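The task is simple: from the sequences and hints, build the whole structure.
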Amino acid sequence: MKTVVEQTRQTIPGLEEFCSQKTDEQIPFFSRDGRLFDIIYGQQFDREFLDQLCHLADLIRQLARTKTGSRQLRSLLEHKRAMLYFVQPSTRTFLSFLNACHLLGMKVSESRETSTSSEVKGESAEDTLCTFASYVDLIISRHPEAGFAQKAAWVLNNTERPVPVINGGSGPDQHPTQALLDIYTLQREFRSIGGLDGKKIAMVGDLKRGRTVRSLSYLMKNYRDVTIYYVAPNEFRMKSDITSFLEKQGIPYHESDDFESVMPEVDAIYMTRVQNEYGGGPEDEPTDYPDFHFKAEHLSLIQPHCSIMHPLPRRYEIDVLVDQDPRAAYWRQERNGMWIRAALIAYIFGQEQEVFSEFK
Amino acid sequence: MKTVVEQTRQTIPGLEEFCSQKTDEQIPFFSRDGRLFDIIYGQQFDREFLDQLCHLADLIRQLARTKTGSRQLRSLLEHKRAMLYFVQPSTRTFLSFLNACHLLGMKVSESRETSTSSEVKGESAEDTLCTFASYVDLIISRHPEAGFAQKAAWVLNNTERPVPVINGGSGPDQHPTQALLDIYTLQREFRSIGGLDGKKIAMVGDLKRGRTVRSLSYLMKNYRDVTIYYVAPNEFRMKSDITSFLEKQGIPYHESDDFESVMPEVDAIYMTRVQNEYGGGPEDEPTDYPDFHFKAEHLSLIQPHCSIMHPLPRRYEIDVLVDQDPRAAYWRQERNGMWIRAALIAYIFGQEQEVFSEFK
Amino acid sequence: MKTVVEQTRQTIPGLEEFCSQKTDEQIPFFSRDGRLFDIIYGQQFDREFLDQLCHLADLIRQLARTKTGSRQLRSLLEHKRAMLYFVQPSTRTFLSFLNACHLLGMKVSESRETSTSSEVKGESAEDTLCTFASYVDLIISRHPEAGFAQKAAWVLNNTERPVPVINGGSGPDQHPTQALLDIYTLQREFRSIGGLDGKKIAMVGDLKRGRTVRSLSYLMKNYRDVTIYYVAPNEFRMKSDITSFLEKQGIPYHESDDFESVMPEVDAIYMTRVQNEYGGGPEDEPTDYPDFHFKAEHLSLIQPHCSIMHPLPRRYEIDVLVDQDPRAAYWRQERNGMWIRAALIAYIFGQEQEVFSEFK
Numbered sequence: 044m045k046t047v048v049e050q051t052r053q054t055i056p057g058l059e060e061f062c063s064q065k066t067d068e069q070i071p072f073f074s075r076d077g078r079l080f081d082i083i084y085g086q087q088f089d090r091e092f093l094d095q096l097c098h099l100a101d102l103i104r105q106l107a108r109t110k111t112g113s114r115q116l117r118s119l120l121e122h123k124r125a126m127l128y129f130v131q132p133s134t135r136t137f138l139s140f141l142n143a144c145h146l147l148g149m150k151v152s153e154s155r156e157t158s159t160s161s162e163v164k165g166e167s168a169e170d171t172l173c174t175f176a177s178y179v180d181l182i183i184s185r186h187p188e189a190g191f192a193q194k195a196a197w198v199l200n201n202t203e204r205p206v207p208v209i210n211g212g213s214g215p216d217q218h219p220t221q222a223l224l225d226i227y228t229l230q231r232e233f234r235s236i237g238g239l240d241g242k243k244i245a246m247v248g249d250l251k252r253g254r255t256v257r258s259l260s261y262l263m264k265n266y267r268d269v270t271i272y273y274v275a276p277n278e279f280r281m282k283s284d285i286t287s288f289l290e291k292q293g294i295p296y297h298e299s300d301d302f303e304s305v306m307p308e309v310d311a312i313y314m315t316r317v318q319n320e321y322g323g324g325p326e327d328e329p330t331d332y333p334d335f336h337f338k339a340e341h342l343s344l345i346q347p348h349c350s351i352m353h354p355l356p357r358r359y360e361i362d363v364l365v366d367q368d369p370r371a372a373y374w375r376q377e378r379n380g381m382w383i384r385a386a387l388i389a390y391i392f393g394q395e396q397e398v399f400s401e402f403k
Numbered sequence: 044m045k046t047v048v049e050q051t052r053q054t055i056p057g058l059e060e061f062c063s064q065k066t067d068e069q070i071p072f073f074s075r076d077g078r079l080f081d082i083i084y085g086q087q088f089d090r091e092f093l094d095q096l097c098h099l100a101d102l103i104r105q106l107a108r109t110k111t112g113s114r115q116l117r118s119l120l121e122h123k124r125a126m127l128y129f130v131q132p133s134t135r136t137f138l139s140f141l142n143a144c145h146l147l148g149m150k151v152s153e154s155r156e157t158s159t160s161s162e163v164k165g166e167s168a169e170d171t172l173c174t175f176a177s178y179v180d181l182i183i184s185r186h187p188e189a190g191f192a193q194k195a196a197w198v199l200n201n202t203e204r205p206v207p208v209i210n211g212g213s214g215p216d217q218h219p220t221q222a223l224l225d226i227y228t229l230q231r232e233f234r235s236i237g238g239l240d241g242k243k244i245a246m247v248g249d250l251k252r253g254r255t256v257r258s259l260s261y262l263m264k265n266y267r268d269v270t271i272y273y274v275a276p277n278e279f280r281m282k283s284d285i286t287s288f289l290e291k292q293g294i295p296y297h298e299s300d301d302f303e304s305v306m307p308e309v310d311a312i313y314m315t316r317v318q319n320e321y322g323g324g325p326e327d328e329p330t331d332y333p334d335f336h337f338k339a340e341h342l343s344l345i346q347p348h349c350s351i352m353h354p355l356p357r358r359y360e361i362d363v364l365v366d367q368d369p370r371a372a373y374w375r376q377e378r379n380g381m382w383i384r385a386a387l388i389a390y391i392f393g394q395e396q397e398v399f400s401e402f403k
Numbered sequence: 044m045k046t047v048v049e050q051t052r053q054t055i056p057g058l059e060e061f062c063s064q065k066t067d068e069q070i071p072f073f074s075r076d077g078r079l080f081d082i083i084y085g086q087q088f089d090r091e092f093l094d095q096l097c098h099l100a101d102l103i104r105q106l107a108r109t110k111t112g113s114r115q116l117r118s119l120l121e122h123k124r125a126m127l128y129f130v131q132p133s134t135r136t137f138l139s140f141l142n143a144c145h146l147l148g149m150k151v152s153e154s155r156e157t158s159t160s161s162e163v164k165g166e167s168a169e170d171t172l173c174t175f176a177s178y179v180d181l182i183i184s185r186h187p188e189a190g191f192a193q194k195a196a197w198v199l200n201n202t203e204r205p206v207p208v209i210n211g212g213s214g215p216d217q218h219p220t221q222a223l224l225d226i227y228t229l230q231r232e233f234r235s236i237g238g239l240d241g242k243k244i245a246m247v248g249d250l251k252r253g254r255t256v257r258s259l260s261y262l263m264k265n266y267r268d269v270t271i272y273y274v275a276p277n278e279f280r281m282k283s284d285i286t287s288f289l290e291k292q293g294i295p296y297h298e299s300d301d302f303e304s305v306m307p308e309v310d311a312i313y314m315t316r317v318q319n320e321y322g323g324g325p326e327d328e329p330t331d332y333p334d335f336h337f338k339a340e341h342l343s344l345i346q347p348h349c350s351i352m353h354p355l356p357r358r359y360e361i362d363v364l365v366d367q368d369p370r371a372a373y374w375r376q377e378r379n380g381m382w383i384r385a386a387l388i389a390y391i392f393g394q395e396q397e398v399f400s401e402f403k
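First to last, the protein sequences are chains A, B and C. For the first sequence, the numbering used here gives the first residue as 44, with consecutive numbering after it. For the second sequence, the numbering used here gives the first residue as 44, with consecutive numbering after it. For the third sequence, the numbering used here gives the first residue as 44, with consecutive numbering after it.
Do not rely on the hints blindly, as some may be mistaken.
[Said to hold, decoys possible] With a straight-line Cα cutoff of 20 angstroms, these simulated DMTMM-like cross-link-like pairs (lysine to aspartate or glutamate) come out:
1) Lys123/B to Glu121/A
2) Lys110/C to Glu169/B
3) Lys123/C to Glu121/B
4) Lys110/C to Glu401/B
5) Lys338/C to Glu169/B
[Said to hold, decoys possible] Derived Cβ-Cβ restraints for the label pairs, each shown as a range:
6) Lys338/A to Cys62/C: 46 to 54 angstroms
7) Arg108/A to Cys62/C: 32 to 40 angstroms
8) Gln53/C to Asp94/A: 57 to 65 angstroms
9) Glu91/B to Glu203/A: 54 to 62 angstroms
10) Glu278/A to Asp67/C: 26 to 34 angstroms
11) Ser118/B to Glu397/C: 20 to 28 angstroms
12) Gly165/A to Gly237/B: 31 to 39 angstroms
[Said to hold, decoys possible] Computed from the model, here is a short list of chain A residues facing chain B with C-beta under 7 angstroms:
13) Gln53
14) Gln86
15) His122
16) Arg124
17) Lys150
18) Ser152
19) Gly165
20) Glu166
21) Thr174
22) Tyr178
23) Val365
Hints listed in this document are in silico derivations from the structure and should not be mistaken for laboratory results. Just so you know, these numbers come straight off a predicted model, no measurement behind them. By construction, the Cβ of each residue, glycine as well, lies at the ideal position given by its N, Cα and C atoms.
Below, the structure is given as structure tokens:
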């Protein structure tokens with residue numbers, strides 16, 4: 044009766060098939076009743092959604108300024124509980140989501156280590172997700188594995204009690220809420236000059252592997268007359284999947300390795316660092332590219348309204364001396380992440396009208 | 044004056060004597076004014092208590108369905124603070140307690156690692172407990188050491204400011220809140236057919252070391268005309284302390300290693316996994332017992348009302364294909380843990396009448 | 044274009060200069076509008092401030108006794124969010140601050156590990172601080188590095204959105220909130236006999252390296268007619284910087300290595316343990332000094348009102364048998380830490396009048 048067996052864990056019927064589908068085929072699955080239910084891909088966002096969310100974020104930050112307003116904010120979702128499931132370390136995204144939840148009155152559980160989980164007892168990742176979902180109303184996940192978030196959303200949408208999933212970063216490619224905060228920052232920095240439409244945006248640094256600049260490029264299709272300037276060393280040029288996409292969408296872009304010549308041309312400069320944590324190869328050497336740094340002396344080269352952005356953390360790409368300049372937008376950008384994530388969570392639970400009604 | 048001494052830490056007077064007492068002798072110590080104060084042993088629960096707690100859990104989950112009701116729930120204990128002291132990893136029990144506290148409005152502190160504690164500075168376990176109790180109103184502990192919870196309760200009941208203790212699992216034997224959620228699930232799954240009285244329950248798997256099936260067996264004395272079917276490989280049969288107990292209580296039980304023959308007979312099947320994490324010995328080899336698994340094809344063998352339970356995490360004992368069947372109760376069972384723990388905490392702080400009054 | 048460079052991180056202009064200033068020169072920087080904004084040094088506290096804070100702590104603990112009062116307390120700062128940034132393990136200080144925040148309704152984020160932070164991505168400590176400050180309204184830090192807290196306060200006070208810093212212990216020297224709780228305990232234990240003025244205080248143990256006794260000595264200048272008895276083995280005598288300070292201030296002190304002869308003389312005995320965690324040297328051997336322990340038999344030697352204190356954790360310095368004596372004040376002292384920290388946080392956000400108004 045006792046048999047030493049080579050166990051193969053069964054997978055949930057339909058899961059593998061779903062995971063093998065293309066992004067476009069998967070996307071409809073993450074909506075319910077014409078609204079986004081799970082937030083997995085940047086491709087889920089259209090202009091109407093982005094505009095609505097930015098507006099909602101503006102109203103939320105305005106409410107948070109007063110004690111009464113912040114009490115109204117907390118009353119929105121004080122009956123809901125969230126789970127932050129962060130398998131991959133991420134101070135910034137974690138704190139940003141946590142405080143977004145706190146702003147809305149949500150109680151938060153967290154799992155930041157695999158070692159405290161039941162995986163040591165041989166539980167499948169799917170069962171672990173279902174366990175988390177048993178206790179909460181929203182799962183926000185961050186995972187080193189590409190495809191994790193869509194798998195999680197599929198599993199949790201197919202239970203007796205579906206629970207929405209927000210992708211807080213999965214693998215090298217998708218980080219949709221970072222894209223949201225970048226869009227929100229651009230719109231907000233340009234709010235007195237007509238918003239993002241018609242602007243020229245430089246993206247600088249490791250464009251090949253940087254998921255923020257890749258996502259941001261995709262989202263430009265939602266805005267009119269935007270021009271992109273890709274500024275990178277030759278080995279870190281933007282990949283052809285993105286440039287092909289831009290060509291199809293009719294979005295003009297320029298490529299250059301001469302950062303200083305681009306500086307006076309643009310309305311925003313989006314700096315990125317070299318991503319040592321991904322993959323091997325010769326680009327992982329402890330080298331740096333000082334020609335792709337933004338230094339204090341460059342402040343005199345850029346336009347008076349030009350916004351300097353960075354997804355952070357920075358290493359040496361931007362001089363700390365630049366921080367004092369009002370055009371240095373990266374710290375505001377970071378805090379915008381909290382507001383736009385609060386807006387996103389409020390949206391997921393259908394609370395927009397509640398927020399709007401506070402201003403009537 | 045300076046002496047290298049072999050230090051022997053003193054123990055609190057009376058503690059050793061208390062710890063050496065039998066369970067039955069210790070139990071009265073955990074009650075105050077005719078009510079349970081600390082929750083340490085499954086043996087503390089009688090039928091009246093169990094019925095009351097299941098009823099309270101039903102009302103709490105009903106209140107939690109509305110925003111108003113959940114606000115009333117949070118108002119119950121919003122002035123109280125709990126400490127989750129989990130020295131042993133446990134995702135499920137931890138999250139279940141944490142969210143139970145959140146439902147009741149409690150603020151929660153947690154200690155999940157011994158390395159961040161003062162033990163490195165040479166503090167005794169008793170002093171660490173007193174420190175935790177200094178700041179909070181309730182301690183929920185999980186510890187690998189048998190006897191830890193009763194020691195903690197004794198220490199904290201003998202201070203200027205007694206703080207109740209809930210045992211969230213201590214060592215291989217006691218996990219009383221797991222027993223509560225199992226009872227609650229059985230009662231709830233059978234609620235349209237008269238509850239647990241008169242039912243036939245199979246317990247399957249590692250009965251020798253599984254503390255859930257041991258505790259559940261003990262609690263059966265509180266229910267009328269229950270019959271137990273123990274289904275296990277020979278090396279994992281239920282131990283004689285439990286079967287002797289059943290005999291004394293007049294609770295009929297059967298033993299079998301033929302799972303399929305038992306399936307059609309019973310009203311509930313309680314599956315367990317082989318517990319590799321305890322102790323050494325040949326049973327820790329990476330073997331499995333496929334004859335004691337519940338497979339999709341077994342769904343046709345069991346009764347239409349038969350409830351399939353599992354304390355989780357599962358490894359291979361239940362096919363994931365079974366999850367879709369309405370008789371698969373284990374995910375509901377897991378979530379029941381949150382509700383019954385919320386009921387237990389509300390009870391400890393004497394909040395039953397407050398909950399009942401919401402329904403008047 | 045690609046260059047392997049030896050990177051030197053720039054520092055924020057002015058930071059180095061500030062850090063090289065003496066304590067007295069730095070202190071004005073931590074106040075705004077005549078009130079303390081950051082809490083970095085014990086030297087920031089004068090008698091008026093200490094008396095006000097002790098009074099505030101008394102009122103807060105009184106409010107916390109009732110459900111209504113505790114709701115009023117939480118309403119004070121429910122719109123604020125704090126960050127506990129504890130790089131160094133500290134159960135007691137951490138829990139004390141956390142529960143102080145909870146009492147006042149604050150939401151709390153925490154970072155207790157450097158490994159989950161962005162430092163692995165090469166971020167500077169200053170940027171990490173600014174990130175934390177992006178999401179919250181108060182930073183409470185604990186750090187092994189002397190000077191960390193003042194650096195943090197300087198950095199965060201020089202941003203677009205200044206955020207106050209409380210020093211929860213930095214390096215071997217400063218732990219101002221420990222000093223506050225010690226003062227609060229002395230005042231409270233002596234409340235029926237005129238408070239701390241005119242009392243005789245023994246400080247016992249490792250006076251050379253113990254930062255609590257050093258800070259407490261400094262603060263004695265705020266009280267009238269206090270006499271200090273330093274009781275220590277020769278190798279752990281109080282350093283001359285403190286004794287010089289006392290001489291300048293005209294505060295009488297005695298030094299002794301005969302603990303028992305001092306016992307009957309004093310109104311309070313402040314016990315400390317030998318601090319193995321700091322520095323090397325021969326004093327780090329696993330030795331102990333039993334002549335500097337307080338044993339049960341000593342209870343008959345001290346005055347009926349004499350208060351026995353200890354910053355905890357204790358090792359063997361105080362018999363557990365002593366705990367039952369009403370003069371054993373160390374557990375009350377520990378809990379006082381929560382109340383005085385709640386008072387401090389309420390003060391920082393200017394909530395004193397709100398608290399006082401509850402008693403009108």
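Hint by hint, here is what the structure shows:
no., hint, in the structure
1, Lys123/B to Glu121/A, "17 angstroms, holds"
2, Lys110/C to Glu169/B, "30 angstroms, violated"
3, Lys123/C to Glu121/B, "17 angstroms, holds"
4, Lys110/C to Glu401/B, "18 angstroms, holds"
5, Lys338/C to Glu169/B, "18 angstroms, holds"
6, Lys338/A to Cys62/C: 46 to 54 angstroms, "24 angstroms, violated"
7, Arg108/A to Cys62/C: 32 to 40 angstroms, "34 angstroms, holds"
8, Gln53/C to Asp94/A: 57 to 65 angstroms, "39 angstroms, violated"
9, Glu91/B to Glu203/A: 54 to 62 angstroms, "32 angstroms, violated"
10, Glu278/A to Asp67/C: 26 to 34 angstroms, "54 angstroms, violated"
11, Ser118/B to Glu397/C: 20 to 28 angstroms, "21 angstroms, holds"
12, Gly165/A to Gly237/B: 31 to 39 angstroms, "37 angstroms, holds"
13, Gln53, "5 angstroms, holds"
14, Gln86, "30 angstroms, violated"
15, His122, "4 angstroms, holds"
16, Arg124, "6 angstroms, holds"
17, Lys150, "4 angstroms, holds"
18, Ser152, "5 angstroms, holds"
19, Gly165, "4 angstroms, holds"
20, Glu166, "4 angstroms, holds"
21, Thr174, "6 angstroms, holds"
22, Tyr178, "4 angstroms, holds"
23, Val365, "37 angstroms, violated"
In this structure, the earlier hints numbered 2, 6, 8, 9, 10, 14, 23 are contradicted, and the remaining ones agree with it.
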